[in-house]
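**Q** Take a look at the letters that make up each chain.
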Amino acid sequence: MARRAALELKDGYYANLGIGIPTLVANYIPDGVDVTLQSENGMLGMGPFPYEGEEDPDLINAGKQTITELRRSSYFNSADSFAMIRGGHIDLSILGAMEISENGDIANWMIPGKMVKGMGGAMDLVAGVKRCIVTMDHTNRAGASKFLKACTLPLTGLNCIAMVITDLGVFEREENDRFRVSELAPDVTLDEVKAKTEADIIYT
Amino acid sequence: MARRAALELKDGYYANLGIGIPTLVANYIPDGVDVTLQSENGMLGMGPFPYEGEEDPDLINAGKQTITELRRSSYFNSADSFAMIRGGHIDLSILGAMEISENGDIANWMIPGKMVKGMGGAMDLVAGVKRCIVTMDHTNRAGASKFLKACTLPLTGLNCIAMVITDLGVFEREENDRFRVSELAPDVTLDEVKAKTEADIIYT
Amino acid sequence: MSKKVFETAEQALDGLTFDGMCVMAGGFGLCGIPENLIVALRDSGAQNITAISNNAGVDGFGLGLLLETRQIKKMMSSYVGENKEFERQFLAKELELEFNPQGTMAERIRAGGAGIPGFYTKTGVGTVIADGKPTREFDGETYIMETGLTCDVALVKAWRGDTQGNLQYNKTARNFNPMMATAGKITIVEVDELVEVGTIDPNFIHTSGIFVQRIIQAKCEKRIEKVTTRERGAA
Amino acid sequence: MSKKVFETAEQALDGLTFDGMCVMAGGFGLCGIPENLIVALRDSGAQNITAISNNAGVDGFGLGLLLETRQIKKMMSSYVGENKEFERQFLAKELELEFNPQGTMAERIRAGGAGIPGFYTKTGVGTVIADGKPTREFDGETYIMETGLTCDVALVKAWRGDTQGNLQYNKTARNFNPMMATAGKITIVEVDELVEVGTIDPNFIHTSGIFVQRIIQAKCEKRIEKVTTRERGAA
Numbered sequence: 000m001a002r003r004a005a006l007e008l009k010d011g012y013y014a015n016l017g018i019g020i021p022t023l024v025a026n027y028i029p030d031g032v033d034v035t036l037q038s039e040n041g042m043l044g045m046g047p048f049p050y051e052g053e054e055d056p057d058l059i060n061a062g063k064q065t066i067t068e069l070r071r072s073s074y075f076n077s078a079d080s081f082a083m084i085r086g087g088h089i090d091l092s093i094l095g096a097m098e099i100s101e102n103g104d105i106a107n108w109m110i111p112g113k114m115v116k117g118m119g120g121a122m123d124l125v126a127g128v129k130r131c132i133v134t135m136d137h138t139n140r141a142g143a144s145k146f147l148k149a150c151t152l153p154l155t156g157l158n159c160i161a162m163v164i165t166d167l168g169v170f171e172r173e174e175n176d177r178f179r180v181s182e183l184a185p186d187v188t189l190d191e192v193k194a195k196t197e198a199d200i201i202y203t
Numbered sequence: 000m001a002r003r004a005a006l007e008l009k010d011g012y013y014a015n016l017g018i019g020i021p022t023l024v025a026n027y028i029p030d031g032v033d034v035t036l037q038s039e040n041g042m043l044g045m046g047p048f049p050y051e052g053e054e055d056p057d058l059i060n061a062g063k064q065t066i067t068e069l070r071r072s073s074y075f076n077s078a079d080s081f082a083m084i085r086g087g088h089i090d091l092s093i094l095g096a097m098e099i100s101e102n103g104d105i106a107n108w109m110i111p112g113k114m115v116k117g118m119g120g121a122m123d124l125v126a127g128v129k130r131c132i133v134t135m136d137h138t139n140r141a142g143a144s145k146f147l148k149a150c151t152l153p154l155t156g157l158n159c160i161a162m163v164i165t166d167l168g169v170f171e172r173e174e175n176d177r178f179r180v181s182e183l184a185p186d187v188t189l190d191e192v193k194a195k196t197e198a199d200i201i202y203t
Numbered sequence: 000m001s002k003k004v005f006e007t008a009e010q011a012l013d014g015l016t017f018d019g020m021c022v023m024a025g026g027f028g029l030c031g032i033p034e035n036l037i038v039a040l041r042d043s044g045a046q047n048i049t050a051i052s053n054n055a056g057v058d059g060f061g062l063g064l065l066l067e068t069r070q071i072k073k074m075m076s077s078y079v080g081e082n083k084e085f086e087r088q089f090l091a092k093e094l095e096l097e098f099n100p101q102g103t104m105a106e107r108i109r110a111g112g113a114g115i116p117g118f119y120t121k122t123g124v125g126t127v128i129a130d131g132k133p134t135r136e137f138d139g140e141t142y143i144m145e146t147g148l149t150c151d152v153a154l155v156k157a158w159r160g161d162t163q164g165n166l167q168y169n170k171t172a173r174n175f176n177p178m179m180a181t182a183g184k185i186t187i188v189e190v191d192e193l194v195e196v197g198t199i200d201p202n203f204i205h206t207s208g209i210f211v212q213r214i215i216q217a218k219c220e221k222r223i224e225k226v227t228t229r230e231r232g233a234a
Numbered sequence: 000m001s002k003k004v005f006e007t008a009e010q011a012l013d014g015l016t017f018d019g020m021c022v023m024a025g026g027f028g029l030c031g032i033p034e035n036l037i038v039a040l041r042d043s044g045a046q047n048i049t050a051i052s053n054n055a056g057v058d059g060f061g062l063g064l065l066l067e068t069r070q071i072k073k074m075m076s077s078y079v080g081e082n083k084e085f086e087r088q089f090l091a092k093e094l095e096l097e098f099n100p101q102g103t104m105a106e107r108i109r110a111g112g113a114g115i116p117g118f119y120t121k122t123g124v125g126t127v128i129a130d131g132k133p134t135r136e137f138d139g140e141t142y143i144m145e146t147g148l149t150c151d152v153a154l155v156k157a158w159r160g161d162t163q164g165n166l167q168y169n170k171t172a173r174n175f176n177p178m179m180a181t182a183g184k185i186t187i188v189e190v191d192e193l194v195e196v197g198t199i200d201p202n203f204i205h206t207s208g209i210f211v212q213r214i215i216q217a218k219c220e221k222r223i224e225k226v227t228t229r230e231r232g233a234a
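Protein chains in written order, with numbering that gives the first Met the number 0: chain A, 0 to 203; chain B, 0 to 203; chain C, 0 to 234; chain D, 0 to 234.
In case anyone wonders, no lab produced these hints; they're calculated from the structure. It is possible that some hints are incorrect.
[Claimed, not checked] Listed next, the in silico DSS-like pairs over lysine-lysine satisfying Cα-Cα at most 25 Å (straight line):
no., chain 1, residue 1, chain 2, residue 2
1, D, Lys184, D, Lys3
2, D, Lys83, B, Lys113
3, D, Lys83, B, Lys116
4, D, Lys83, D, Lys72
5, D, Lys184, B, Lys116
6, C, Lys3, B, Lys129
7, A, Lys148, A, Lys193
8, B, Lys129, C, Lys184
Note that the structure is predicted; figures quoted are calculated from it, not measured.
I would like the entire structure built from these sequences, with the hints used as guidance.
**A** Right, dumping it as structure tokens:
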């Protein structure tokens, strides 16, 4: 999924990658594609993890991991960081999700009854970034679809997801605002996708 | 007037001085009183005019005059400058006026029928600065009072002036929101002030 | 000029703490938090504090210290994942919690400091965050109104400061600190390095001294929450 | 990486100008104005321009050049005092003019770049500026709503920039430039000095390269509007 998502990063893009699978996307950015990564705690031009012994407590990413700076890096405060996000200056965000609905809603921050850690910057990202792509498992542990007619969990954002990449395939939102299966993962059949998708999407 | 206004500058104050008489106030700041001057085009810690030949085109004040920097100076953009002003962080503003009303309204930016140059930062200053003091001639060239029951010119700000310093005296706004004569200029009598003041103010 | 400089965190807080006060504390995770001022706030004994901070520290460090002693009545944060004591108090309803989307929170604090009582954002439209908030349409799209935030005392961590309170921050330790510096009725700063006025280039001051009432130099532990490294020889 | 760098102002504007376009131009008076980009905009021949700029230049310099050629249909400014041709066109009703309080204008541009379609301010309450604008009460005080501003092309003047578009400004030549850089669909910058990426300390970048689409190095005349000096020997 991370490998497939990386293909969505175009040359010259400024992108924000969420925690989890999206973080791995950075490892698969194709050669010759120049992408600048934003970290919403206040940095553009995020570099790789530091070598052991070179960690800087004043330099972390939005997942609170130690990172490094690049020659192109710049730092700014949280208000300026989210001005960048809210103002539509970030080309692409790749993030995880608990549920996605057929009209592009996303739920990824709370499960009622469980301890809620907070939405962090997720609501700002889905509302502000030009193009949001979700990577997630197509079904939950019980085998139920996470790609739904309507989300059952509290929403993170409304009508904001342009593409969903799951272990079963790639689902692109078209001009008519409906999702269409655009790619199938190896050894996955359209029937399998149909069986595991509750959302009303286009299969042709 | 400038000399009297300078007495309102207290040690540690951050102040913004308008164009004209208020600019002269800086020359009368008492020894031992440490005041930092803001220039709303983006500077705190405004220094004096440069020596001839040392003018810097990148360093001007809000009146577009060449100035110098001090050891304490800092520069910022116009949004941050007015965030400082609007957010109430400037202790004092001293500015000129065409008319003042008894309820503390000020008019100082346009005369209908004449070419209007614009309000610049005046509306932001009177709305945002903690304490605004006006220095002006008490009457216009025709001898008519400029201290009125209500302004006749388009307003710059509503209910925002705490003190008026004129060639006739000092007028302080009290807790009941009414102005009171607190000082008379040399050789000026209360009767003269009364005769030249349209506003309903307290004379005792 | 040196009227802003204090010797210790305790002295810097002296006379400014009270029960029911509202405090902002800078930092993202444990990065760029005013460690020493938080300890001094705990030691002041102030109760029923409303604390505005992106996170709630960890157990035994940062704002976690004030949770242990039950001095916090209410937290406003965007993410509080790393704190067991927080979870315990929250589930036992001993602690109020108001979640804010991180960008909304950053902007609310900037707005508070900038004299802007309200602004509109798309963030949170259609979610629980929008509940009870006024909405307005612009160009056919719905936005929600968020309000500005200020506080009684803002606790700020900077890298370098001069005796007039002009500040610079280091790398991602900047985060919420500059906005909070503008939003405190009183702003207290701890810096790694206190320098004479005139040392810092006026072009590159992040926070002007006008926002700073008190400043101390203090040694920070700078704990790292998640050490992540790559192998030498790796890309 | 060097895709952002252009050789001349003319090339930097190529393909981006059109009749009826909305342009922002940085600067306060003649301080920090994108001199060369303004000349190139004039030479592009674009007509009916809406120009957002704190001032309107002077006769024969800055935006005054575009007034001479009648390319500007509407100005949004806070102060336009220094321009006879402006006055003539305005009095002859050949030019539309929208005055904005300087701080309101600065904040509207910041808001536009930050995705904030509206905000409330006390500035202008009870004045002609409030006419027709929505109002709202906060804590018993009345505020007016102002809207965010964006533009088709923002013309920005910076002191130093790198090939990724990271910028630094010099002294009071900063003024409106950083906000305008965020509010252009396309932002074009002219710098005194173009440097390799990595030259500028990432802690002290005023505008991140993400906001900059095109950049040129160009020599500025930097005309001074009001030379004021003191005598040597004076305080």
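**Q** All the hints need checking, so say for each whether the structure fits it.
**A** A quick look at each hint next to the structure:
1. D/Lys184 to D/Lys3: holds (15 Å)
2. D/Lys83 to B/Lys113: holds (14 Å)
3. D/Lys83 to B/Lys116: This hinted pair holds, its Cα atoms lying about 11 Å apart.
4. D/Lys83 to D/Lys72: holds (16 Å)
5. D/Lys184 to B/Lys116: Not satisfied, since the Cα-Cα distance of roughly 30 Å exceeds 25 Å.
6. C/Lys3 to B/Lys129: holds (21 Å)
7. A/Lys148 to A/Lys193: holds (13 Å)
8. B/Lys129 to C/Lys184: Between B/Lys129 and C/Lys184 the Cα gap is close to 13 Å, so the pair holds against 25 Å.
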